[in-house]
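Visitor: Sequence:
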Amino acid sequence: MPEGGTATMLTVVCIGDSITQSFRGTDIEHLSYPARLESLLQQRGIPARVVNVGLGGECADAGARRFAEDVLSERPSVVTIMYGANDQYLLPDERRSRVSLDDYEASLREMVEQGRQAGASTVLMTPPPFTMAFLQYLTDDRLYSVFGASVLLGQYAERVRLVARELGTPLVDMYTSFINLS
1196 MPEGGTATML
1206 TVVCIGDSIT
1216 QSFRGTDIEH
1226 LSYPARLESL
1236 LQQRGIPARV
1246 VNVGLGGECA
1256 DAGARRFAED
1266 VLSERPSVVT
1276 IMYGANDQYL
1286 LPDERRSRVS
1296 LDDYEASLRE
1306 MVEQGRQAGA
1316 STVLMTPPPF
1326 TMAFLQYLTD
1336 DRLYSVFGAS
1346 VLLGQYAERV
1356 RLVARELGTP
1366 LVDMYTSFIN
1376 LS
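Per the numbering used here, the sequence shown starts with residue 1196, numbered consecutively.
Derived from the structure by calculation, the hints contain no laboratory data.
Note that the coordinates shown come from a computational prediction; the quantities given were computed from them, not determined experimentally.
Each hint should be verified, as a subset may be incorrect.
Claimed, not checked - Restraint-style ranges between C-beta atoms, simulated for each label pair:
| no. | residue 1 | residue 2 | range |
| --- | --- | --- | --- |
| 1 | Arg-1290 | Pro-1242 | 48 to 58 Å |
| 2 | His-1225 | Leu-1376 | 13 to 23 Å |
| 3 | Ile-1374 | Ala-1313 | 32 to 42 Å |
| 4 | Leu-1362 | Ala-1263 | 15 to 25 Å |
| 5 | Asn-1375 | Arg-1231 | 14 to 24 Å |
| 6 | Arg-1290 | Leu-1205 | 43 to 53 Å |
| 7 | Leu-1296 | Gly-1363 | 15 to 25 Å |
| 8 | Arg-1356 | Glu-1264 | 24 to 34 Å |
C-beta: ideal position from N, C-alpha, C; glycine also.
Working from the sequences, and respecting the hints, build out all of it.
Guide: Laid out in structure tokens, this is it:
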């Protein structure tokens, strides 16, 4: 603790897609993982402010472009980064993902490096897997049943693991955790 006995406020910024954004701005906002993280930290006596800058529909490359303005401007101690669901999404007429695996990986690396240069600890998170029932609810796109979204998403999750290993960045493996629950 600093002199005077007051704890320093921990600032965590969570960037990602709609899985991060969740229900921000609604009466069930408390269900998002950033809101739950803030609650857990405070319950443990850790003075914390968790800022949710997730944007529904966003891919990692867009997150990297807005990282300085939306994340680093908050002067975070810790940054969580979770993308993949939209990046792997198959474009209907082209049978390719919105963001290639290589571009996805490069965007993750860029965000980790920007965070480190600003003095923040970064935590990478794999996206949770999709089930076919969930995908059929979202879309009637037959490409998912041909190629298998969880297979594609698993490849994106593996890239997150690779970046975490190579950069020595902590990893929260949501993909594996959810697979193990089923």
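Visitor: Given the range 13 to 23 Å, decide if the beta-carbon distance of His-1225 to Leu-1376 lies inside it.
Guide: With a Cβ separation near 22 Å, His-1225 and Leu-1376 satisfy 13 to 23 Å, so the hint holds.
Visitor: Check the following: the C-beta atoms of Arg-1356 and Glu-1264 are separated by a distance inside 24 to 34 Å.
Guide: 28 Å, holds
Visitor: Starting from the hint 14 to 24 Å, judge whether the C-beta atoms of Asn-1375 and Arg-1231 obey it.
Guide: 20 Å, holds
Visitor: Can you tell me whether the CB distance of Leu-1296 to Gly-1363 sits inside 15 to 25 Å?
Guide: 21 Å, holds
Visitor: Could you say whether the range 15 to 25 Å given as a hint is met by the Cβ separation of Leu-1362 and Ala-1263?
Guide: Roughly 19 Å apart at Cβ, these two residues keep to the hinted range, so it holds.
Visitor: Range first: 48 to 58 Å. Now tell me if the beta carbons of Arg-1290 and Pro-1242 are that far apart.
Guide: Between Arg-1290 and Pro-1242, where Cβ atoms are some 49 Å apart, the hint holds.
Visitor: Honestly, do Ile-1374 and Ala-1313 meet the 32 to 42 Å range at C-beta?
Guide: For Ile-1374 and Ala-1313 the Cβ distance comes to about 33 Å; the hint holds.
Visitor: Tell me if the beta carbons of Arg-1290 and Leu-1205 are separated by a distance inside 43 to 53 Å.
Guide: 44 Å, holds
When held up to the earlier numbered hints, the structure conflicts with none and fits them all.
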